[in-house]
Every structure is written in C-alpha cells, then in structure tokens.
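Novice: Given chain A's structure and the hints, the job is docking chain B onto it.
Chain by chain, the residues run as shown.
Number of protein chains: 2
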Amino acid sequence: MRLADLGERSGVPLATVKYYLREGLLPPGRRINATQAEYDESHLRRLRLVRAMIQVGRIPVATVREVLAHVDDDSLGLTVRLGAALWALPHPAGEAPGAPAEAAGPSREVAGPSQEAASPSREAADDPHRAAADLLVDELLARLGWSAARELGALSPAHRALVTTLATLHRLGYPLDADDLLPYARTMEQAAAHDLDRMEQLPTPREQTEYAVASAALFEPVLLNLRRLAQCEESNRRYGL
Amino acid sequence: MRLADLGERSGVPLATVKYYLREGLLPPGRRINATQAEYDESHLRRLRLVRAMIQVGRIPVATVREVLAHVDDDSLGLTVRLGAALWALPHPAGEAPGAPAEAAGPSREVAGPSQEAASPSREAADDPHRAAADLLVDELLARLGWSAARELGALSPAHRALVTTLATLHRLGYPLDADDLLPYARTMEQAAAHDLDRMEQLPTPREQTEYAVASAALFEPVLLNLRRLAQCEESNRRYGL
Numbered sequence: 329m330r331l332a333d334l335g336e337r338s339g340v341p342l343a344t345v346k347y348y349l350r351e352g353l354l355p356p357g358r359r360i361n362a363t364q365a366e367y368d369e370s371h372l373r374r375l376r377l378v379r380a381m382i383q384v385g386r387i388p389v390a391t392v393r394e395v396l397a398h399v400d401d402d403s404l405g406l407t408v409r410l411g412a413a414l415w416a417l418p419h420p421a422g423e424a425p426g427a428p429a430e431a432a433g434p435s436r437e438v439a440g441p442s443q444e445a446a447s448p449s450r451e452a453a454d455d456p457h458r459a460a461a462d463l464l465v466d467e468l469l470a471r472l473g474w475s476a477a478r479e480l481g482a483l484s485p486a487h488r489a490l491v492t493t494l495a496t497l498h499r500l501g502y503p504l505d506a507d508d509l510l511p512y513a514r515t516m517e518q519a520a521a522h523d524l525d526r527m528e529q530l531p532t533p534r535e536q537t538e539y540a541v542a543s544a545a546l547f548e549p550v551l552l553n554l555r556r557l558a559q560c561e562e563s564n565r566r567y568g569l
Numbered sequence: 329m330r331l332a333d334l335g336e337r338s339g340v341p342l343a344t345v346k347y348y349l350r351e352g353l354l355p356p357g358r359r360i361n362a363t364q365a366e367y368d369e370s371h372l373r374r375l376r377l378v379r380a381m382i383q384v385g386r387i388p389v390a391t392v393r394e395v396l397a398h399v400d401d402d403s404l405g406l407t408v409r410l411g412a413a414l415w416a417l418p419h420p421a422g423e424a425p426g427a428p429a430e431a432a433g434p435s436r437e438v439a440g441p442s443q444e445a446a447s448p449s450r451e452a453a454d455d456p457h458r459a460a461a462d463l464l465v466d467e468l469l470a471r472l473g474w475s476a477a478r479e480l481g482a483l484s485p486a487h488r489a490l491v492t493t494l495a496t497l498h499r500l501g502y503p504l505d506a507d508d509l510l511p512y513a514r515t516m517e518q519a520a521a522h523d524l525d526r527m528e529q530l531p532t533p534r535e536q537t538e539y540a541v542a543s544a545a546l547f548e549p550v551l552l553n554l555r556r557l558a559q560c561e562e563s564n565r566r567y568g569l
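These protein sequence lines map, in sequence, to chains A and B.
Under the numbering used here, read the first sequence as residues 329 to 569, first letter to last.
Under the numbering used here, read the second sequence as residues 329 to 569, first letter to last.
The following block holds chain A by itself, in its conformation from the complex:
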C-alpha cells in the first residue's frame, strides 16, 4: 500500500506518519520509483504500536525508539529480547526527583523541591524508609515465590521503582504491608500468564515482542480507571448514591 493508505487504514494522520518515518520509528517502505514507496502489513502493525505507545502510553519518542531497537534485534533470543524491550519502558517510580507537579503549579518560586532533590540522604543505604521498603518487597516476593524477581532484585527497573514508591509512601506516613500487596500481586501474576498465552499464539519472535510491549504499556490506563470505578461502586453500595 502507499503512504496515504497506511494513514487511512491506521487512522493516524498523514503528517504524524511522516514524522514517525523521519524519526526512524517506522521503517522506510520499499522504493517503487523516485517519489513513491510501498508499505506492507508489518508497517501497519508497527505504526499502530508506535501510535499506541505515544498516545495511550504517553511514552517519549526517544524511549519508543530504544524499545523498538530491542524489538527489532533478531540476534537476541526471545527471553533477552522480551526482557530488554520491557525494561526499556518507563517505570513510574512514585517519586519526582525534580517535583515536576510542583514546578508546573501556579507559583514557580519553590525553593523546596530542588533543595530536597540535592539531599543525598534520601537514597542512602541508611534511609530507614528505604530499608523498610526493601524488606517489604523481599518478604512479598518470597511469599509469592517469585524467585527470578528476587534474584534479579535491584537490577530490574520494576523492582527498583516498586521499592522507591513504597519507601516514599512509608516516609510520608502511608506504610503498606505484604498483606496489602499480595492480592494485587496474585492478580497481576494471573494476568501475566494469560498475556503470555496470547503472545505465544503469534507466529514470529518479533510479533511476540511487539505484543508484549503493547500489553505492558497500553493496559495501564485501563487498569487505573477500573480501580477508580470499583471504588465509586463500592462507596455507592455502602453509603448510597
């Protein structure tokens, strides 16, 4: 198909498709003459993935490029390929080093955040909140029997981000314990298995890795809004409309 058809079939505006091509997020088509190129189903699939990562996942262009480099690396075995692509995704850490939400507020004359970000003690090994969060994550993973996650530990960005988030909550007076986290973790475990079952039905490692990235990055707003709806439902159930 031609470039215009690619835009048409994907629902992505042509100017955006051209931008993705220039940025290398979409591989070039097969030249058929001096001014035209031919695109196929793999371009359409890639275009949809890029669009969804940027529009739904709010992932920065540079990060999308890095993730796709791993997705496209045919020299990697499936495990490393999946791992590299997923680890390159952003991990919400629940801690704003530069406190962007405050900086974006109406008053910009905030001395606090920068001062605080400069303080080395928050990341130090003797931070009692971080130590508590480390212990909590370790207990949780042990009870779950997630041995790979325990072994990888802080090498894994999700592990690091989880510890950082729990340390921040602990510091702010909202401590969680393993019993709070276990039911959520069990659900996520079931969902991950279901996800990989679906992934394995795809024919090539590249398509499988694309699927894994899409599923990891795109389902998050769905999940968060289901949680908000459930809270609203349960509150109405107990206290009336």
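Just so you know, these hints were derived from the structure itself, not from any lab.
Everything numeric in this text was worked out from a predicted model, so none of it was measured.
There may be inaccurate statements among the hints.
Identical chains blur together in the list; that is why a pair holds if it fits in one copy or across any two.
What the hints assert, rightly or not - Dumping the calculated SDA-like pairs for lysine to any residue here, alpha-carbon to alpha-carbon at most 25 Å:
no. : residue 1 : residue 2
1   : K346      : G501
2   : K346      : Y502
3   : K346      : H498
4   : K346      : D462
5   : K346      : E535
6   : K346      : T363
7   : K346      : S403
8   : K346      : G568
9   : K346      : I360
10  : K346      : R566
11  : K346      : G335
12  : K346      : D368
Specialist: Same frame as chain A, but now just chain B:
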C-alpha cells in the same frame, strides 16, 4: 508544634511547607504571637497527604486544592464528600489531546497532533470505535453487577476515561473484550471493599475522606510496578533467565 517541627516530623523541606501554606494547601496554624504559629497533628496529617498527592501521585497543585476543598467541606454528607473528592482527582484517559509525549520529543516540528486534535470526528457519536467501547463497558458493568457505575455512566470521570481509553485501543487495533477485563475488575472490587473497611476505622468523616483520596491517588505506581514485575517473573519462568 512550631513550623520547623512540622517540617522535621514530616520529612518535608521547610521551604516546601511554606509554599504549601502560601498556596492554601495547608491551613494556617494558630497564631501565638506576631511571628509564630502553633501547628497540630491535623496539620501534620494534611501535610503528608499534600506531599504524597504531589510527589507520588504527580497531581497538579490546582487539582490538589480542588480535591482538598471537598475533603474539608463539613456541610457534605459522607457519600457526596467522598464522591466529590475522588471525582476531582485526575483520571488517565489514555488519549492525549495535545499529544504531550510527542511534543516533548526531540523534534518539535510535528504537524500531526494538532491537526488531529482539531478533528471533531474522534469524539463524534458515530465513531465506531467509541461505540464499540461504550458497548464493551456496558457489558462489563452488567456482568459485574456494578449498577451504580452503570446508572452514573458518563457522568463519572472514571467511566468516561475508561471508554476513551478502550476506544483509543480499539482504533489502534488492540481490541479488548469483557473476558479480558473481568478478572482485573473483580480484583479491584475486592480491593475497594478492603479499602473502605480500613477507612471506616477512622474517627471522623474528614479523616475518612483524606484516607480515601490517599488510597485512590497513591497506590497507582505500586500497582503498575507489581504488574511489570509479574510480567518479568512469568517470562523468566517460561523462557529462563
């Protein structure tokens, strides 16, 4: 306690505490002389909540102020008070009207996003993707028996954001069905009940509403990172490290 003690006990830098006071996010202390005021445990609790909303929840200052106005409104019954505070929180919609992720990318010469945002067809009633998402959410809520959520429908920001997200995923070629969503929704339902059980142990409606806001806004990064860890664990389990 004095202002300095408030900073000390909360772990929030003094300049940030003063900023919150100026912005009205923290109520003034009780004046004890021309230059000093006295703060109590309710200030400490409020300071921790504000800090957590901004730092962990990445919620803009103006939104925090709006949420707190509902939390502090003693004229409201618990149901409306909870509802108003929770509905004022940001709801990730999985659709970027101005495509901020792209605008923040290395190249800013993007004609696509603004052109696209101007297109009225994406929100139109005859958008087949939105129609599919509407049907899907309705089927899901019916199967869950969430009657309040069905009745409120698009009045609820979580409902609207969920439909928008699913419509975007559908448009981009990642359709989900009710069977995909049900297990997640069931878990969120259990968690919401557990949350309200804990909330009801608090002594006053104000503290209860504070707790509900904290729980809604702060647990999200925890949840998302548990999901990433589970994906990594399951992938290692199947394909080796």
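Novice: Confirm or reject each hint.
Specialist: Hints and how they fare:
1. In this assembly of identical chains, the alpha carbons of K346 and G501 lie at most 25 Å apart only when taken from different copies (20 Å versus 49 Å within one copy).
2. Taking the shortest Cα distances, K346 and Y502 sit within 25 Å of each other only across copies (22 Å), while inside one copy they are farther apart (47 Å).
3. With identical chains, the CA atoms of K346 and H498 are at most 25 Å apart between copies only, with a shortest distance of 22 Å across copies and 46 Å within one.
4. Taking the shortest Cα distances, K346 and D462 never come within 25 Å of each other, neither inside one copy (46 Å) nor across copies (32 Å).
5. In this assembly of identical chains, K346 and E535 lie within 25 Å of each other by CA distance solely inside one copy; the values are 23 Å within and 52 Å between copies.
6. In the homo-oligomer, the alpha carbons of K346 and T363 lie at most 25 Å apart inside one protomer (14 Å), although the nearest pairing across protomers, at 61 Å, exceeds that limit.
7. Taking the closest pair of Cα atoms, K346 and S403 never come within 25 Å of each other, the shortest separation being 28 Å inside a single copy and 55 Å across copies.
8. In the homo-oligomer, the alpha carbons of K346 and G568 never lie at most 25 Å apart, since the shortest distance is 52 Å inside one protomer and 39 Å across protomers.
9. Proximity of K346 and I360 under a CA criterion of 25 Å is satisfied intra-copy only: 17 Å inside one chain copy versus 65 Å between copies.
10. In the homo-oligomer, the alpha carbons of K346 and R566 never lie at most 25 Å apart, since the shortest distance is 52 Å inside one protomer and 39 Å across protomers.
11. In the homo-oligomer, the alpha carbons of K346 and G335 lie at most 25 Å apart inside one protomer (9 Å), although the nearest pairing across protomers, at 51 Å, exceeds that limit.
12. In the homo-oligomer, the alpha carbons of K346 and D368 lie at most 25 Å apart inside one protomer (16 Å), although the nearest pairing across protomers, at 59 Å, exceeds that limit.
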